[in-house]
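Undergrad: Protein chains in written order, with our numbering: chain A, 1 to 65; chain B, 1001 to 1302.
Accuracy of the hints is not assured; some may be wrong.
Said to hold, decoys possible - Okay, derived cross-link-like pairs now, BS3-like style, lysine-lysine, Cα gap no bigger than 30 angstroms in a straight line:
no. : chain 1 : residue 1 : chain 2 : residue 2
1   : B       : K1100     : A       : K47
2   : B       : K1007     : A       : K4
3   : A       : K2        : B       : K1023
4   : A       : K27       : B       : K1249
5   : A       : K40       : B       : K1116
6   : A       : K4        : B       : K1116
7   : B       : K1116     : B       : K1104
8   : A       : K2        : B       : K1249
9   : B       : K1007     : A       : K12
10  : A       : K4        : B       : K1232
11  : A       : K40       : B       : K1007
12  : B       : K1075     : B       : K1088
13  : B       : K1100     : A       : K4
14  : A       : K4        : A       : K47
15  : A       : K26       : A       : K40
Claimed, not checked - According to the in silico footprint, chain A covers these stretches of chain B (three or more CB under 8 angstroms from chain A):
no. : segment
16  : 1010-1017
17  : 1034-1044
18  : 1053-1063
None of these hints come from the bench; they were simulated from the model.
Beta carbons are placed, not taken as given, at the ideal position from N, Cα and C, and that holds for glycine.
Read off the chains here:
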Amino acid sequence: MKIKVFIERTNKREVVEAKDLSELFKKIKIDPNTVIITRKNELITEKARLNNNDEIILLSVISGG
Amino acid sequence: MNCRNCKNTPVITLPNSNISLCKKHFNIYFERKVRKTIRIYNMIDKKDTIGIAVSGGKDSMSLLYILNKIFKPSKIKLVALSIDEGIKNYRDPNFKFVKKFCKKNKVKLHTFSYKKEFRKTLDLMIKESNKLPCSVCGVFRRKILNDKALELGINKLATGHNLDDEAQTILMNQFRKNIRASAVLGPVTGVINDPKFIKRIKPFYFLTEKEITTFAYLNRILDKYVECPYAKFGYRNHVLDLLNEFERKYPGTKYNIISSFLAILPTIKESFKNAKVNSCKKCSSPTSRDICQACVLLDELN
C-alpha cells in the first residue's frame, strides 16, 4: 500500500510503501510514542488499518520550547 | 478494534497498556486523572487564587482548559499569566492563541515581557553574551512568575509540567549532581513554606506528552507546532532523546523514574528543609543567597 505522510515537525511530505503503521514508522524512522496520527482530521491509533493512498499527518507530541 | 468501554473507534492506546479509548472515554479518563492528582496531593483549596502559567503550547493550553472546566463553577479564582521572552517568530503566534482562548472563556490574562521587566529581549541577551539560552530564560521566567503572582494575590501557580518533563528533569539533576534542584521537584514543589515563595502545582504530573497532545487535539486547543529556536542548544533535548530511546526499548521507563523518585523525595526534602530564605539585597525577591540568581545574571548581562 502507498501511504502519503506529512510530518508536521519537520514539515516533510513522503510517500511510503507499508502494509501497516508499524512498518511505516520503521521505514520513516519515527518513534510512534513521539507523535499522534490523524487521518481525515480524525485521530487514529497505531493499530488502525490503513487503506491504499491514505493520507496521514503525524503531529509531534514533544513541546517546541 | 473498539474502545475498551464502547463500540466507538479508539483515538489512543494508553501508554504502557493495551487499553484503547474513544474520544468520549479518553476525555473522561483524562479529567479523572487530573482530578485524582489534584486530590491526592491536596493541590487546590476552596480559598485559592490559582495562577496558570500559559505559553500557548499544548501542555499549558490543556491545563488552562481543564482547570477552567473543573473549577469554573466553584469559588476558586483562575488567572492566566503569560510571558513574552522576546524570541522572534516563536512567541508571537502562540500569544495570539492564548489571548483568543482567554477572551472566549472569560479568563483574566496578565501578560509580561522580558523587555519591560529586564529592559532586554531574550534574543538580545543571548546575542550580547555567551550564556546558554535555556538557563537564562528559566531564571527570568521563574522570577517574573513568582514576583507577579505575589503582586496579584495569587497563592498557587499551576504549570503544565508532565510526566515526560519531570522524568527528564530528575535525570538531568542526577547527571549534574544537583540534588538541591531535585528537592524542589514533585507534584507540589518547594521545600520551605515561606510566604515569599509561591507554591507550584503540577496537575499533569502523571500524564504523558502523548496523552496531553491527544487531549489538546480532541478539544481543538492544539495550535500549530512552533519550535523554540534555542531548544536545540538545551541539555534537556539530549536527555529527552535518550529517555525516548529507553522508553521505546523498555516501556515504562519514564513512569518508573517518577515512581522511584517520589519514593525518595521526602528524604531529599528533609535534608534541605532548614535552608534559609533571604531577601535579595537588590530586588527583595526570595533567595537562598544574598543576591538572587536573576540579579546576578542581570549584572553579568549588562
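Undergrad: Could you work out which earlier hints the structure fails to respect and list their numbers in ascending sequence?
TA: When the structure is compared with the hints, numbers 1, 5, 6, 9, 12, 13, 17 turn out to be violated.
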